[in-house]
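Engineer: Take a look at the letters that make up each chain.
Number of protein chains: 2
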Amino acid sequence: MKKYLKLKLNLLENNPTQSMDLDKLFNPKSIAIVGASEEEGKVGNVIAKNILELGYQGEVFLVNPKHEELFGQKCYPSIIDIGKEIDIAIVAIPAKFVNAAISESAVAVKNFVVISAGFGETDAEGKKREEELAKITKEKNLNILGPNCLGFIIPELKLNASFAGGMPEAGNIALVSQSGALAVAIMDAAKNYDFKFSRIISIGNKMQIGETALMEYSDKDQKTKVIALYLEGVKNGKEFIKAASAISKPIVVLKAGKTEKSQKAISSHTGALAGSDEIMRAVFGKTGILRADNLEDFFDLITLISNIDFPRNNSVAVITNAGGPGVLTADAFNKKEIKLAEFGQEIKNKLKGFLPEESSVENPIDLLGDAREDRYEKALEIVGGQEGIGAVICVLTPQDQTPVDRIAEKIIEFKKKTNKVVLAVFIGGERIENAVGKFRANGVAHFLFPDRAVESLDKYYQWQNFHKARKSVISPELNADRREKAVKIIKNAKKQKRSALLFSEAGEIMGLYGIKVADSWDEKREIFVFPVVVKIDSDKVLHKTDKQGLILDIKDEKELSRALVQMKNNFPGEHIIIQPMLPRQTELIAGIKQDPVFGPVIVCGLGGIYTEIFKAVDFFIPPFDIPEIKNQLKKGALGFLFRETRGQKAYNLEEIALILSGLGDLAREIGEISELDINPILVYNDGKEAVAVDVKIII
Amino acid sequence: MKKYLKLKLNLLENNPTQSMDLDKLFNPKSIAIVGASEEEGKVGNVIAKNILELGYQGEVFLVNPKHEELFGQKCYPSIIDIGKEIDIAIVAIPAKFVNAAISESAVAVKNFVVISAGFGETDAEGKKREEELAKITKEKNLNILGPNCLGFIIPELKLNASFAGGMPEAGNIALVSQSGALAVAIMDAAKNYDFKFSRIISIGNKMQIGETALMEYSDKDQKTKVIALYLEGVKNGKEFIKAASAISKPIVVLKAGKTEKSQKAISSHTGALAGSDEIMRAVFGKTGILRADNLEDFFDLITLISNIDFPRNNSVAVITNAGGPGVLTADAFNKKEIKLAEFGQEIKNKLKGFLPEESSVENPIDLLGDAREDRYEKALEIVGGQEGIGAVICVLTPQDQTPVDRIAEKIIEFKKKTNKVVLAVFIGGERIENAVGKFRANGVAHFLFPDRAVESLDKYYQWQNFHKARKSVISPELNADRREKAVKIIKNAKKQKRSALLFSEAGEIMGLYGIKVADSWDEKREIFVFPVVVKIDSDKVLHKTDKQGLILDIKDEKELSRALVQMKNNFPGEHIIIQPMLPRQTELIAGIKQDPVFGPVIVCGLGGIYTEIFKAVDFFIPPFDIPEIKNQLKKGALGFLFRETRGQKAYNLEEIALILSGLGDLAREIGEISELDINPILVYNDGKEAVAVDVKIII
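Protein sequence lines correspond, in order, to chains A and B. The first sequence begins at 45 in our numbering and counts up by one. The second sequence begins at 45 in our numbering and counts up by one.
Do not take every clue at face value.
Copies of the same chain look alike in the list, so a pair counts if it fits in one copy or across any two.
[Claimed, not checked] Under the rule of at most 25 Å between Cα atoms (straight-line distance), these lysine to any residue pairs were calculated in the SDA-like manner:
#1 K379 / E474
#2 K179 / E688
#3 K286 / S564
#4 K235 / E474
#5 K693 / L594
#6 K539 / G329
No lab work stands behind these hints: they were computed from the structure.
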């Protein structure tokens with residue numbers, strides 16, 4: 045019996061598949077282009093030209109039954125006719141022919157890029173076609189990128205296996221995009237934003253190869269420094285979390301679909317399930333993914349991480365030739381983890397040594413409007429000698445007398461010899477253009493505005509801190525005995541055709557998971573300690589306060605009798621309970637929410653009237669261990685509870701972490717629960733034990 | 045006596061000066077350049093060349109005692125020697141000669157631009173020099189811009205009366221900058237951001253002409269559509285508020301100095317008083333000034349307002365050729381007042397009529413990646429016919445087959461004939477460059493990122509709403525009788541050498557201003573209604589809870605006796621009061637804070653333990669009337685109190701507005717109070733009256 049239960053428990057958790065072997069797909073020695081064409085405007089024409097004409101050194105085979113020769117080389121009726129094994133096939137033929145073509149050529153090719161649209165993103169027929177393709181993929185053990193994708197580009201191999209034109213510069217950014225159009229826009233913007241790519245991959249419908257496999261692949265790829273993902277949805281939540289948690293490189297995600305309306309736009313556009321934004325936020329927090337707030341933030345984070353090493357600490361020096369922009373840069377540090385460095389007297393004296401009297405030797409260092417390259421050079425040298433400083437931001441406005449280019453050169457020289465992060469913020473237009481070009485050519489990250497530099501650096505610093513502290517979460521063992529007892533209670537309620545558990549039943553389950561519930565008595569009890577509360581306890585009255593199924597603050601026997609009569613009149617035949625009226629200090633709400641992508645998620649927030657006003661709610665995604673919950677609780681919206689503030693002692697972090705841990709175990713062990721809400725849990729900072737006053741379990 | 049009091053009351057309020065006549069200063073027919081020079085690198089050289097060589101049509105006189113001729117024209121030893129009245133003089137000579145030069149030439153010139161540095165921004169000597177100059181200015185009835193400024197530029201007159209090079213394009217932006225360097229950077233960035241100026245004015249030390257005078261002047265100036273200010277401090281708070289409240293054009297302010305650290309950077313840089321950021325926010329809220337969050341926001345707001353007319357409503361249609369960027373645009377509407385328009389069936393059918401099946405006819409309208417100009421044109425036409433839509437955002441990514449320029453032309457054509465706001469977001473680099481140039485030439489505001497377009501439009505929409513609803517605030521009349529009574533109480537306390545009022549005294553003053561305070565008794569009272577509270581009431585114990593000067597929830601006579609003994613032991617000889625222990629539902633704190641720039645400010649926030657956590661605090665700047673307070677309360681951090689939410693009835697807006705109004709009157713009438721704190725005010729949503737439980741008045 046126990047063995048069976050354990051098996052069943054394991055099935056409740058998703059078992060991620062092995063990571064895929066994509067080496068051949070992204071480093072092919074030979075390519076077949078199925079649907080190659082000489083006809084202008086056809087996708088098969090663009091792809092063939094991109095592969096043949098942009099410098100790719102591998103073997104290329106053209107496949108098209110209508111032609112014997114294309115682009116001056118032999119053209120085969122099918123892949124089989126080539127008569128040898130080929131690393132990858134790019135498929136750009138009408139959707140209805142795709143499955144047969146892949147199936148038939150699977151003996152010779154294992155890696156396919158399906159450009160063709162007309163699959164799951166369209167109608168029922170397309171969806172069926174995609175299901176069939178998935179089946180073939182599994183049966184024949186294939187790797188498939190797409191369908192309905194742009195293809196991919198590996199600049200280092202001069203391989204553009206896509207129908208987007210051009211060849212971006214080779215570099216260290218792995219871009220994975222669920223929007224082909226956005227990938228094209230990013231390639232076009234590359235020069236302005238200093239993007240250089242290890243690879244660009246369009247995942248289209250991500251029928252098989254999706255964000256998770258590509259994150260894992262990019263993590264191992266030596267050319268990649270930053271993994272940049274544009275996502276509209278996540279396909280397998282558990283796998284995604286497991287992979288992201290294990291990856292050592294920075295992952296920057298731009299996740300579209302923050303609101304219901306934009307999620308609607310997604311589903312009408314790719315059919316992807318966008319997932320709740322709050323839960324995505326929790327996933328990013330759990331895994332240490334850097335979330336880009338918007339497209340600009342995405343651009344800036346990629347530029348920054350692509351160019352700089354970690355800041356060694358959170359102290360930043362700012363050097364400027366303009367007081368105003370200096371102050372604006374200082375403003376940008378508001379509420380950030382990175383800080384303006386405090387300069388000691390020694391450094392101030394050194395700065396005073398060569399700067400005019402009206403300069404400021406505080407941080408930001410104001411070199412004044414007439415500063416030439418020598419002042420920047422000396423200031424950088426002095427700041428560069430300070431171990432306590434992790435990064436330098438060089439701000440400049442192009443005054444008439446400012447030698448912009450020469451100052452840029454000094455900054456580049458400094459960058460080459462320092463162990464500090466160096467960022468440039470040159471504000472202007474024509475006068476700074478040339479300098480910005482120099483920064484790009486020399487790997488100095490440049491930003492148009494001070495805030496963008498500071499915000500990006502701050503996020504990267506936070507990422508680094510998270511990853512330094514990251515330990516692998518020890519997934520708590522599942523407990524079959526406990527599950528068995530809980531399931532018995534649930535089955536019994538189902539037998540009685542109830543959709544919710546009684547408070548006594550819910551309380552018993554809570555007890556199994558270490559959560560204390562309030563006492564509850566029935567009216568036959570002889571002695572009550574007043575004040576008490578009378579409550580309806582029925583699956584027919586779930587929102588008690590809305591429907592007057594709750595009478596508070598009953599002070600004596602007489603009031604109690606009256607309350608019981610009233611309750612019985614209002615809800616004839618329903619179960620009634622009596623509970624002590626407990627002192628209220630802080631109320632929390634907690635529960636389990638089922639997410640279609642990530643499975644059961646634990647929610648915990650501030651209760652009472654402030655719940656909806658301040659939205660102080662956190663989400664926790666199992667499996668987690670106590671250290672992880674504690675860490676997240678401290679960082680999250682409820683963090684204030686665990687700090688001593690004026691007028692408030694700290695609440696017990698351990699106690700609340702244990703409650704959430706219990707809910708996490710419960711969520712993992714009991715799939716039979718569709719919704720669970722504890723509202724309120726009363727918590728105290730005076731030594732009293734936390735207690736769940738009301739528990740609603742929907743089955 | 046009453047007359048005297050009234051006079052004194054009037055002196056408590058700042059009496060703004062008359063608005064200045066700056067017509068001659070900014071539209072001069074003749075200019076004298078004092079300190080003109082042919083020596084390269086000298087400020088007087090740059091200014092002379094800027095005025096002589098960039099196309100200015102007025103008369104120019106050069107003044108420099110060392111030369112008889114400069115730039116091939118006669119040079120005068122002094123202004124007086126010119127022998128006629130001159131509209132303005134630009135002064136660029138060493139600081140020590142400036143005051144004498146101005147004083148002596150005041151018979152011939154009334155308007156001066158003092159470029160010279162070495163005044164208030166430097167040392168004691170400089171400060172003294174500036175005071176002297178201020179005296180001369182007043183005595184001789186002069187207008188003075190500066191000192192320590194860059195000068196000004198009027199592109200329409202081809203007049204560059206500054207030492208920054210170049211001539212920006214003429215347009216409708218009036219830029220007033222407290223940082224000359226930033227003004228130069230903005231001029232350089234102008235082409236990239238589509239800035240065209242009615243005037244650029246550097247205000248330097250703003251000894252006399254400051255932001256207020258220039259806002260007023262720009263409001264009257266027909267060429268100006270948007271007034272853009274970069275400020276590090278505000279000089280006369282009351283004048284500033286009065287002027288800003290009366291101005292009908294949009295004012296965009298970038299206010300530097302959000303944090304203490306950045307304020308420190310300001311004071312070391314210009315000596316300006318930066319002012320608390322929270323209070324600046326309240327000032328912007330009160331006057332309807334558009335606050336730019338940072339430099340980028342400043343740029344975007346200026347571009348937007350310079351180019352577009354008001355959106356007629358808050359409904360926005362988005363048209364895109366790329367699903368992903370469409371979703372990102374939809375995301376940007378999160379928590380905005382502008383909304384994605386809901387399309388009716390009719391418009392959807394029209395769109396379906398010409399779009400391929402896979403297109404989306406929801407909003408955003410996805411024209412698909414292969415869209416050419418015809419699809420944009422037709423979609424714009426259909427959307428343009430909808431009265432309910434106020435603005436259209438055209439998003440584009442440059443796919444290989446996208447005719448970017450032709451699409452831009454269709455958008456420009458549409459803009460010319462529609463009454464809707466049209467914004468463009470073309471995402472990319474080289475491929476969109478040309479189209480962006482076309483947008484600029486034709487007054488279509490273009491943004492690099494969807495968020496920037498949506499956020500700027502939203503702010504402008506909010507501004508418009510504010511200004512439509514704006515009524516002039518009726519400043520409540522001051523009440524001399526009331527003041528007399530209150531001042532008597534304060535004088536009495538001062539006579540007794542107390543720095544704070546007793547609760548009974550404070551309560552009496554509260555009563556004069558319509559604020560109800562809790563009962564308070566002394567121990568001689570015979571009957572108490574329990575539970576009660578015992579409190580120390582002394583200027584020596586201001587933080588009662590920190591120092592155990594407060595015993596709560598005393599239930600009977602016995603406990604009361606014990607509490608009184610304990611309190612007398614702890615605070616021998618101090619005054620003790622007994623108050624009823626009132627039921628607590630929601631606690632507010634309220635008070636008066638003295639701001640060095642804006643004078644007394646009323647503060648009101650959520651009390652209890654959540655005060656410091658959620659920082660739900662609003663600031664109100666007198667004078668205000670009841671409608672203004674109500675409006676601000678509803679929009680502000682406490683707004684949730686006045687909305688019915690689940691589990692909470694709305695609180696009485698009128699009641700709390702009256703309390704704040706009382707505090708506003710008090711602050712205006714009684715300058716003798718240095719600090720006032722009511723903590724807590726208990727407020728109820730069940731009909732009970734709000735009551736101030738503790739009132740601390742520091743005198």
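Engineer: For each hint, tell me whether it holds in the structure or not.
Structural biologist: Each hint, compared with the structure:
no.: 1; hint: K379 / E474; in the structure: neither (33 Å within a copy, 36 Å between copies)
no.: 2; hint: K179 / E688; in the structure: neither (58 Å within a copy, 54 Å between copies)
no.: 3; hint: K286 / S564; in the structure: neither (41 Å within a copy, 63 Å between copies)
no.: 4; hint: K235 / E474; in the structure: both (16 Å within a copy, 8 Å between copies)
no.: 5; hint: K693 / L594; in the structure: between (31 Å within a copy, 18 Å between copies)
no.: 6; hint: K539 / G329; in the structure: neither (41 Å within a copy, 61 Å between copies)
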